[in-house]
Amino acid sequence: MSYLRPRTVEEAVEMLAEPACILAGGTDVFPALVDRPAPARIVDLSRLEGLSAITLEPGLVRIGARVTWSALVRAPLPPCFSMLKAAAREVGSVQIQNAATIAGNLVNASPAADGVPPLLALDAFVEIAGPRGRLRVALADFITGYRQTVLAPGELVTAILVPRTIDTGRSAFLKLGTRRYLVISIAMVAAVVRAEAGRVVEARIAVGACSAVAKRLPALEDALVGADLAAAPLSSRVTPDHLAGLDPIDDVRATAAYRREAALELARRALDACTADPLAAEA
Amino acid sequence: MLETVGKSAAVEAGKPETGATAAAPVVSASSTSLAIADAHTGTISFVLNGRDTATGASPARRLTSVLRDELGLTGTKVGCDAGDCGACTVLLDGEPVCGCLTAVGQVEGRTVETIEGLGDRHPAAKRLQDAFLAHGAAQCGICTPGMLVSATALLERETAPSEAAVFDAIGGVLCRCTGYRKIVAAVLDAAARDGTVDGTVTAAPSDGAVGLRLARLDGIEKVEGSDIFGADFAPAGTLALRAVRSPFHHARFRLGDVAAWIAENPGVVRVFTVADVTGENRFGVIPPFADQPVFAVTETRFRGEAVAAVVGEPHAVAALSLADFPVEWEELAALTTMEAALANGAGAVQPGRTGNVLVKGRVVRGDVEKGFENNDLITVEGDFSTGFVEHAYIEPEAGFARRVGDRIEVQACTQSPYMDRDEVAKVLGIAPEAVRIIPTAVGGGFGAKLDLSVQPFVAVAAWHLDRPVRMVYSRPESMATTTKRHPARMHIRVAATPDGRLQALDFSADFNTGAYASWGPTVANRVPVHASGPYLVPHYRALTRAIHTHLVPAGAFRGFGVPQAAVAQEQAFDMLAEKLGLDRLEFRLLNALRPDQPTVTGQVLGEGLGIVPCLEALRLHWARALKDASDFNAQAAGPRRRGVGVAGMWYGCGNTSLANPSTIRLGLKPDGRLSLHQGAVDIGQGSNTVVTQIAADALGAPIVIMDRVSADTDLTPDCGKTSASRQTFVTGKAAELAGRALRREILRLANAGESAQFTFGDGTVTVTDGDHARTLDLAAMGRDARGYVLAVEETFDPPTSPLDADGQGSPYAVYGCGAHIAEVEVDTALGTVKVLKITAAHDVGRAINPTLVEGQIEGGVAQGLGLALMEEFFPGRGENLHDYLIPTVGDMPEVVSILIEDASPVGPFGAKGIGEQALIPTAPAILNAIHHATGARLIRVPATPDRVRAAIRAVTETAGEGA
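Residue numbers (our numbering), protein chains in the order written: chain Z, 1 to 283; chain W, 284 to 1246.
This is chain Z alone, in the form it adopts within the complex:
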């Protein structure tokens, strides 16, 4: 077997010229093995330099591919990231958050990936390195289906890029599961709302675990623009039609009908949390 530990992205791309399993936090790779032996060729990113930082650039927040959920929680970030931090605290357990990377959560492309709805709502891009050089792909285009991404053989994710277009927006993340901790979502909602002078300027909202890939709710987002926060809670403006694009399934966790109903309720609560007093939105 070969176990490769590149120091640079270029080295990694070279090593990935042959099929290999990419190992970062290990929290998806090892569970998938169950009791089978490790893959014959592993490219371990743990020595890769320069991918462990979160950097705030003028127009962009760059989250290196090796940044863990715990590191994200500790980083000082603009208010719009509080939904991503809330999601970070809901990923598995402390043990998982200390090892798992945000990039890995995207690459694994589970319909119930906790990181996807907040990053969709942040309009995030995924930075990819590979034989074609470095690419930027919108997250909405990066995950193409149930556990599928555009990542081609030989490519790896190097960073998640969040354009600083809604920094001051207030955000909330709500995850619904059958228990506390270590739970796969039945449904989840991430929302960020930017308001000026008591009116919504921009709202973005994404729903996870209710379709093969988490989805934004553009009709709802449009409907919220201009809403007067003093007139009525935002929740009152959400109708079932706004969630018509979801395509939930029946599984061991819940029925599809329930997911649809729960997503509506969570969307309403998340929007109200964004516009409630600041401390509540942080919770």
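None of these hints come from the bench; they were simulated from the model. These numbers come from a predicted model, not from an experiment. Possibly wrong hints are sitting among the right ones.
Unchecked claim - Straight line, CA to CA, 25 Å or less: simulated DMTMM-like cross-link-like pairs of lysine to aspartate or glutamate:
#, chain 1, residue 1, chain 2, residue 2
1, W, K1117, Z, E90
2, Z, K85, W, E378
3, W, K653, W, E507
4, W, K1117, Z, D250
5, Z, K85, W, D376
6, W, K653, W, D666
7, W, K1117, Z, D251
8, W, K1120, W, E869
9, Z, K85, W, E439
10, W, K409, W, E507
Here the structure of chain Z is known, so what remains is to put chain W in place on it, guided by the hints.
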């Protein structure tokens, strides 16, 4: 290290034979060739517990596997290999991570800390260990290392953490025994002070052990991570075994060219099949029903049934892909529901059991038809159902066997050493005395480790190969193939007079027992005795059937079907009380069985039936809880509503109308110490401690001079199985009898009266009787074959009588009774349920060790909460601990335990069992509370959010239609 005398073999053997201890730099050799782009050598270096360590293991291996198998540090446990249980938590550069999700190549140059190194390096860890002991926060001990490592990281970061911070810190470590509350208390206490707890006795007292909150006697090993569980030891040169299992619910199969496959796979030594079973290819827990093959012959009857076992060098076997094992499958039509199995023309899962009915149970008293006839009666009826429930102990089954001449030794986790002995003997075709069963520490059992798992496989292989052979179940293998709680479909009809007196109860239930008998007959027979609950029911009929299907065998799980029956009966009682317009607690009190009233089997228990005091003890709590809920709901603007529920319970201790003796041997050694041969397997519940407390007090000896010889069929007489809430009661009684017998012997030798006191010295016993003292010089006395100066052996078998055709008789000598109040908050828009508090009153006769009793109650509550709200196993789907959910610390409410001591005239010092009792009323109390909060009746458990929401919606829509 283990200090248990009886495990001398294990103690010797428990020392790691590969690698070295943590005390020295470690270099282990493993000859995998590797390519590390940036490494100059083939070894991986890191700092382990403060020492420079290097390993030649393949860098892709899980850190847990290298720690345990190469470096001999077995304190880090493996529960799932998937990050779902946290038992493998280690500190990597000071932060907790799952060792099972970390490649050892990733720790190069970093620091790793495990339970073995924690106490010496972190003052907080030492305080935590002390606090865990004092609080009874370790039961079986399998999650304890993960808990301690996680909590140490917290206390290193925060000196005064909030309860919420403690929850977050240990939320990723599953515990199936404790219900978490004592763990949380221990962590908070360790943060606040030095780990001491008021009222807890950590140093053994010199006299009067019964009734004390004595820290468990086997606790040190558990908090240090040195206890030896099933997967923690195998002798040098042990081969590994993996089973080839059916991927279908029902299939025919044919093995291909196995010899060629062995030749293609270097390191594989041999493949075993039915042809290698030298005795009977059939085992079971109830001999007349034994029907399960070690290896299927031509047909497999459930998904996961074994057809062959591959044995070879551990690394080679671990690396095998069993997907290419030469076996041809032909999938057959499967009966996967009881409806299908009971349908006309359905084939028989088991030949000879036509109609797929394994067994029927029946208890009839009075005339139930007549009982319902009176038109004035208020009647309710309903259908209720439950699913498969997985035991989900954190320790998957594991153990090894070795042949010693013409004998076989099996060291494995088990709840029933003597039953294992007899079944292994049958499979090998040798005498029971030629089999030695050495139970390891058991990382949770709850009933499923009563049945054989690894034992027949490793025994057959080791017998033939004359080399030690080990098997460690993977989590999916454990979940797919070991027994489950029986799914139940129940119908109940109950009638009471307008003033609330129960008149008639008609109960019928089918239990899905899966492909093999296991404990199906026990469930079918125990349920009819208990389906009345602890109430006076003049006209009663309970009929049950255990039904075969092509699914995983259902067997014993904490309560043998009674928790399912209580889900139906206690909810029906709430429906009835509501219809009668009576307070639900008072309705139960009105009908609670008084000691002079007959049970549904016609037994009059006389003393020691404490349901009335339990319900009375709840009155104040009930009133407070109802008011709290009502106040909350009056203020509630959002979708949250609170409710309160209550449920009662009774449970017979020991086997149902069958002999189940325990025998205790107690010996006085020449050095003045005592040997307690105590064969009750401690699966975490505390029999090692409780039985010793009883024996010490009965004898009149300080507990510190009692040396335990724990379960080992060569060293301890038969104490039966750890099940049916019988160890404190039955084995405890045998210990009491043995203590008293030895006391009589000593008194006789000293010619002293009954009230004399003993002082055990170095080689002496001084007997003081008033002003007279006499010292026995033990060295001068003769010794028996075991080296004892004096030895006694006493047996206790609870007095019962057979049940007649109508189920009338005295099935148990003692019943434990109890009742729980559940307070819940329901999010009516999402259907989620948060249990806020459980108040649990239990009549335990005498609390031999109140801390351990509370531990049983809190653990039972956690499992009852899981049954009520989240746990359902679907064979073939979700054979892991992220799809199958058990409660985490964040789901557990505060538990207030009220111990009622209505002494049983039969039990030791009046004690009764508590192990199963504590689980039973939890689920119906929660379901009744959900109804109280929402008006929705959950007739199917678990009450998952989608089911609760659907039930609330149905109520709302009905109300809407009515309006």
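Against the structure, the hints come out as follows:
1. W:K1117 with Z:E90: Holds, at roughly 18 Å.
2. Z:K85 with W:E378: holds (19 Å)
3. W:K653 with W:E507: Not OK: K653 (chain W) and E507 (chain W) at ~63 Å, beyond 25 Å, violated.
4. W:K1117 with Z:D250: Distance of about 23 Å is within 25 Å: holds.
5. Z:K85 with W:D376: holds (23 Å)
6. W:K653 with W:D666: Holds, because 22 Å separates the two Cα atoms, which is no more than 25 Å.
7. W:K1117 with Z:D251: Satisfied, since the Cα-Cα distance of roughly 22 Å is no more than 25 Å.
8. W:K1120 with W:E869: holds (20 Å)
9. Z:K85 with W:E439: holds (23 Å)
10. W:K409 with W:E507: Holds, because 9 Å separates the two Cα atoms, which is no more than 25 Å.
When each numbered hint is compared with the structure, a violation occurs for hint 3 only.
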